[in-house]
Structure formats: C-alpha cells, structure tokens
Amino acid sequence: MNKIYASYNNIISSLGFDSEIVVQNIQDKNSGLQLIEDKAILSQPFYSSIINSKDLYANFKTLGIEGDFTRLEHMMISSLSKVIGEAKIPINNRVGLIISTTKGNVDVLDKNSRFSKERAYLSVLGRVIKEALGFKKEAIVVSNACVSGVLSIAIAKRYINQGVYDNVFIVSGDIVTEFIITGFNSFQALSNEPCKPYDKNRSGVNIGEVAASILVTKDTNALSKEAVVVLGEGSSNDANHISGPSRTGEGLCRSVKSAIKESNITFNDIDYISAHGTATLFNDETEAIAFNRLGLNKVPLNSLKGYFGHTLGASGLVETIVGMHSLQNNTLYTSLGFSELGVSKPLNIITETTSRKLDTFLKTASGFGGCNTAVLFQKVK
Amino acid sequence: MNTKYYIKSFCQIKDNKISLNKSVIYKNEDTLDFLDFIKTAYRSFEINYPKFFKMDGLSKLAFLASEVLLSREKINTEEENNIAIVFSNKSSSLDTDKKHQESIQDKDNYYPSPAVFVYTLPNICIGEISIKYKLHSENSFFIFDSFNAEYLLEYTKSLLSTNKAKEVLCGWVEFNGIEYEAFLYLVSKEGTIAHTKQEIIKLYNT
Chain A
1 MNKIYASYNN
11 IISSLGFDSE
21 IVVQNIQDKN
31 SGLQLIEDKA
41 ILSQPFYSSI
51 INSKDLYANF
61 KTLGIEGDFT
71 RLEHMMISSL
81 SKVIGEAKIP
91 INNRVGLIIS
101 TTKGNVDVLD
111 KNSRFSKERA
121 YLSVLGRVIK
131 EALGFKKEAI
141 VVSNACVSGV
151 LSIAIAKRYI
161 NQGVYDNVFI
171 VSGDIVTEFI
181 ITGFNSFQAL
191 SNEPCKPYDK
201 NRSGVNIGEV
211 AASILVTKDT
221 NALSKEAVVV
231 LGEGSSNDAN
241 HISGPSRTGE
251 GLCRSVKSAI
261 KESNITFNDI
271 DYISAHGTAT
281 LFNDETEAIA
291 FNRLGLNKVP
301 LNSLKGYFGH
311 TLGASGLVET
321 IVGMHSLQNN
331 TLYTSLGFSE
341 LGVSKPLNII
351 TETTSRKLDT
361 FLKTASGFGG
371 CNTAVLFQKV
381 K
Chain B
1 MNTKYYIKSF
11 CQIKDNKISL
21 NKSVIYKNED
31 TLDFLDFIKT
41 AYRSFEINYP
51 KFFKMDGLSK
61 LAFLASEVLL
71 SREKINTEEE
81 NNIAIVFSNK
91 SSSLDTDKKH
101 QESIQDKDNY
111 YPSPAVFVYT
121 LPNICIGEIS
131 IKYKLHSENS
141 FFIFDSFNAE
151 YLLEYTKSLL
161 STNKAKEVLC
171 GWVEFNGIEY
181 EAFLYLVSKE
191 GTIAHTKQEI
201 IKLYNT
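As they're listed, the protein sequences go chains A and B.
For the first sequence, full-length UniProt numbering assigns the number 1 to the initial residue and increments by one for each residue that follows.
For the second sequence, full-length UniProt numbering assigns the number 1 to the initial residue and increments by one for each residue that follows.
Just so you know, these hints were derived from the structure itself, not from any lab.
Do not rely on the hints blindly, as some may be mistaken.
In silico lysine to aspartate or glutamate, EDC-like type, Cα no more than 20 Å apart, as pairs [claimed, not checked]: (1) A:117 <-> B:80; (2) A:111 <-> B:102; (3) A:136 <-> B:150; (4) A:117 <-> B:15; (5) A:39 <-> B:29; (6) B:90 <-> A:131; (7) B:90 <-> A:138; (8) A:39 <-> B:102; (9) A:130 <-> B:79; (10) A:130 <-> B:145; (11) B:107 <-> A:37; (12) B:98 <-> A:110; (13) A:117 <-> B:106; (14) B:197 <-> A:20; (15) B:90 <-> A:118; (16) A:261 <-> B:80; (17) A:3 <-> B:106; (18) A:137 <-> B:95; (19) A:218 <-> B:154; (20) A:111 <-> B:95; (21) B:99 <-> A:118; (22) A:136 <-> B:154; (23) A:39 <-> B:106; (24) B:99 <-> A:359; (25) B:107 <-> A:38; (26) B:157 <-> A:20; (27) B:107 <-> A:110; (28) A:257 <-> B:79; (29) A:111 <-> B:106; (30) A:117 <-> B:150; (31) A:117 <-> B:145; (32) A:136 <-> B:145; (33) A:111 <-> B:108; (34) B:98 <-> A:118; (35) A:379 <-> A:37; (36) A:137 <-> B:154; (37) A:257 <-> B:106.
Distance ranges between label pairs, derived from CB positions [unchecked claim]: (38) A:127 <-> B:189: 35 to 45 Å; (39) A:131 <-> B:114: 29 to 39 Å; (40) B:205 <-> A:61: 45 to 55 Å.
Remember, it's a predicted structure, so these values are computed and weren't measured experimentally.
Using N, Cα and C, we set each Cβ at its ideal position, and we do this for glycine too.
Work the whole structure out from these sequences, hints included.
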C-alpha cells in the first residue's frame with residue numbers, strides 16, 4: 001500500500017480565510033465565537049462563529065469565477081480554489097472530489113430564499129462545485145453527520161489505495177442557519193455562553209460555520225510544509241442510540257483501535273489528541289470514558305470548539321488542519337473555555353499554548369446516528 | 001488482497017413490491033402511499049420492533065430492506081458481527097428536512113421537535129440498523145445524482161481487503177417524500193454472483 005498524505009489546506013472561518021491566519025489566532029487564544037442577535041434565526045440571542053458575508057463575497061470576487069452561487073457555495077469554492085491553486089495539480093480523470101457536509105444548502109428550503117429548492121439536493125451542490133472548479137469526475141458527497149469531515153480523509157485514502165484516484169481534493173462545509181439552530185435548540189443543547197468543553201461548568205454546544213479544504217495525495221512531490229502521513233483510520237458505530245453517544249464510549253474506543261491497528265504504532269506514540277469536545281454533558285463524558293479505557297488519559301488533548309463552535313460536517317476537517325499545523329509548529333494549543341475538569345475520568349486538557357516536540361496526533365469525532373471516526377496522522381519523515 | 005467476494009443476497013423495494021434475490025416476497029396491489037405500503041409490508045413480515053414506528057420514511061425503507069437480508073443471516077447479537085454499512089441515495093434526508101422546515105417557517109405556528117430534527121441526517125438509518133443488529137461496524141452514507149455502482153464497488157472492496165469489515169451491506173435507499181426505491185445487497189466471501197460493477201448494475205436494473 002502507498003503512503004497517503006494530507007497536504008495543502010485552507011480554512012475559511014470567522015478567524016480568517018487562510019489556515020496560517022486561523023492558526024495564529026488560535027495560538028493567540030482568539031475565539032471566533034460571539035453573541036449573535038438575529039431573530040430570523042432564533043428568537044433569543046445565541047453564541048456562534050459566523051463568517052462575515054461582505055468579506056466572503058469580496059474575497060470571492062478576486063477569484064474571477066462566474067456564477068450564481070449560494071452562501072455555502074461561495075465558502076466552499078473560495079476555500080477549495082485556493083488549495084487547488086497551491087497544489088498545482090492538473091485536474092484530470094485521476095483527481096477526485098469529495099464534498100463533506102451535513103446539510104449543504106438547506107437554507108434554500110426557507111420560503112424566502114431566492115434560490116430554487118433543487119439547490120437543497122446535496123448532489124446538486126456536488127455538481128455546482130465540480131463544474132465551478134473544473135473537476136472531471138462526479139463528486140463523492142459524504143453526509144455522515146458530524147464525522148463527515150474527518151471520515152472524508154479516510155474515504156479519500158481508501159479510494160486512492162483502490163487505484164481509483166491519485167489525488168483527492170476534499171471540501172467540507174456547513175452554514176449556520178435557522179434550520180440548524182432551531183433544531184439544536186429543540187434538543188436544549190445550545191449553550192447561552194461561549195462553550196466550555198470538558199469543563200465543570202459546561203452548558204452545551206455552540207454551532208458555528210466554516211469551509212475547509214485539503215488535498216489527499218500519494219504523490220510525495222505534492223506535499224506542503226505541514227503535510228502529514230495518514231497512518232491509519234477507522235470508524236465504528238455505537239449501536240446504542242441515534243441521538244446520543246454510548247455511555248461506555250464503545251464506538252469511539254473501537255474506532256481508535258482500528259486506526260491504531262492499521263498504523264502499526266502503539267498508543268504510547270500518540271503525542272496529542274484533537275478530540276471532538278462539543279461541551280455537551282454526554283459527549284464530553286463519553287470521550288473521557290473512552291480515552292481512559294484506551295489508556296490515553298495522560299495524552300495532551302484539546303477541543304477546538306471554543307474557537308469555531310461546532311461546525312458540524314466540516315468540524316473534523318478544520319480540526320485536522322489545525323492539528324497538522326500544531327505538529328508543524330511543535331505547539332499544543334489551548335483548549336479554549338476549559339478551567340476545571342468536569343468529567344468523571346481524568347483527561348490531560350491543554351490549558352496553555354505550549355511548545356513541545358510533536359510527531360503524531362490522533363483526531364476523533366462522533367456524531368448522531370452513533371457514528372465515530374478516528375484518524376492518526378504523523379509528520380512526514 | 002486476492003480474496004474473491006460475492007453478492008450473497010440482494011433485496012429490492014419499489015413499485016409496491018419487495019423482492020429477495022429476484023423473487024417477489026411481498027406485494028400490495030392497492031394504491032398506497034409509501035408510508036402505508038411500508039407499514040403494511042412491515043406487519044406482513046411479523047417483525048416485532050416497535051421502534052420502527054418512530055422512524056422517518058427513509059429509515060423505515062432502509063430498515064425493512066436490511067431486515068429482509070439480515071434476518072436470513074441468523075445474526076447472534078452476543079457475538080462480533082463485522083458487517084459494514086455503506087448506503088447512498090439522491091435526496092439525503094430531504095423529506096424530513098422539509099418537515100423540520102415546515103415546523104419553523106411560520107412564527108405563529110412554530111413547533112420544532114427533536115424527534116423530527118434527529119432524522120434530518122441520512123446516516124440515522126444506518127444507526128437504526130446498527131442498533132437492531134448490534135453492529136459496531138464501519139458506516140458511510142454517500143449522496144450521488146443516481147445509483148453509482150463503481151463508487152460503491154471500490155469502497156466496499158477497500159473495506160473488505162483491509163479487513164475493516166468481514167461483510168458489507170450496501171446499496172441505494174432513496175425516499176423523497178413520494179417516490180421510493182431501495183436496492184441493498186450483501187457482499188461476502190460466500191455466494192455465487194461475482195461482486196463486479198457489471199453484476200451490480202445488472203441486479204440494480206432487474
């Protein structure tokens with residue numbers, strides 16, 4: 001089997017339109033979360049990280065791409081076109097396109113949207129992105145709840161190893177909409193303050209939005225400076241509940257074990273965990289149980305939800321990209337919002353930006369439907 | 001790497017009919033809408049699983065098609081059964097998305113509900129099947145314009161050849177609120193139909 005790499009990348013978010021700028025903001029502990037008062041979304045104010053539309057459209061204009069695009073399409077095309085430009089890979093039949101999203105253009109279902117309802121189809125979103133950026137093959141749209149972003153890296157690797165593609169570009173994105181916010185609000189899952197993953201006083205999730213893109217490749221000539229090897233990956237269902245994690249962390253444990261098995265490293269080789277950490281009572285507790293079962297409770301861990309909120313189908317990818325920069329910069333970034341442990345098992349939460357030699361990190365994510373995904377990444381030697 | 005894989009069994013649900021390996025095992029001549037059809041079919045199979053009634057249309061369709069195939073496998077839920085689930089469709093969870101949208105569209109008639117919202121993700125149906133059969137396995141839900149045999153074939157081959165799954169339940173489960181179609185097949189080391197793109201397309205078109 002080939003070594004597969006995660007390489008050139010981009011993040012479009014409220015913390016900036018470029019991975020380096022976003023990572024610098026994280027280094028400086030700047031959060032993209034703010035109090036949003038928008039009655040068109042929710043009757044009461046809520047915390048979220050929302051991309052400034054004016055900046056987004058101004059940035060998009062510089063790309064010179066013509067078409068009538070939705071807000072999410074603007075985000076996705078802006079993000080992915082940058083990665084394609086940097087990677088300098090000609091788009092041909094050997095180049096795949098994966099789009100990961102939970103809800104795509106769901107905002108067009110609103111009766112006041114000027115776009116046709118047809119745009120709500122994720123396959124139509126796939127076609128729009130494919131045509132705007134000149135891809136040759138049908139997009140593979142991955143819609144697997146909140147693991148979609150990180151699962152897409154595993155899927156890209158699998159298609160490359162199968163010989164279907166040599167290179168795969170992934171773009172992930174979800175937007176903050178009335179649809180999503182009212183849904184999470186109906187679960188009483190929204191926090192009325194900036195989220196506090198793993199903290200004693202955590203009070204729920206903030207939903208945010210980003211678009212993130214990455215090149216997954218087997219070509220050692222297509223590696224960016226922060227490129228990493230995709231060492232191993234695995235997914236596992238909890239087989240327990242459709243809207244809550246397993247109390248034993250079963251699926252999460254199994255997904256990490258599956259990734260470890262493929263990677264031929266040991267649990268001791270993991271220098272850092274980029275966890276899911278949504279700041280809901282159940283999610284954080286399940287993760288604590290799972291990481292303890294795996295003997296990973298001493299490994300430095302953070303949740304990046306305090307910077308972006310939970311960005312749904314994009315969260316796994318944006319957090320992977322930050323993790324790659326973390327390795328490149330040999331720096332552990334603060335798990336923003338955390339001050340006192342509020343889960344029943346010990347975890348080594350990163351409370352200060354810390355310089356440390358880093359080689360290998362684990363990214364995990366969990367989602368509705370009981371899904372869990374784990375991927376191990378290592379510096380290119 | 002060179003292990004041969006086969007399509008062990010396959011199930012289709014469309015046009016008020018359910019078939020297993022090409023034989024019709026249930027049909028209803030009455031003109032029923034999808035939800036009435038699937039409920040009547042469920043009752044005819046004498047499956048005792050009350051959770052079925054809480055599911056949305058897509059999950060009911062995926063659940064019943066899976067049930068036709070997996071109930072024959074005599075799965076012992078006390079043991080490890082590494083059957084991955086790889087589904088695809090065109091409309092994602094659009095039928096339920098529209099229901100949630102209706103519940104928030106009018107501020108004077110505002111009733112968002114977690115019981116509806118949870119089904120606004122297509123992979124929830126995979127969760128339902130995983131719960132029924134205690135499958136702690138690999139999952140993925142893909143969205144395509146139309147049935148894409150090649151992407152499913154290669155993904156399934158990847159899961160099997162890397163030992164991430166022993167068998168794979170895969171296929172197409174589409175429900176847009178009115179029209180429905182399920183075509184699921186179980187890929188295994190056992191069976192007689194070769195697991196190839198040509199065979200998958202042939203079975204899908206029967």
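Item to check | Numbered hints the structure breaks, given as an ascending list | outcome: 1, 4, 5, 9, 14, 17, 18, 24, 26, 30, 35 and 37
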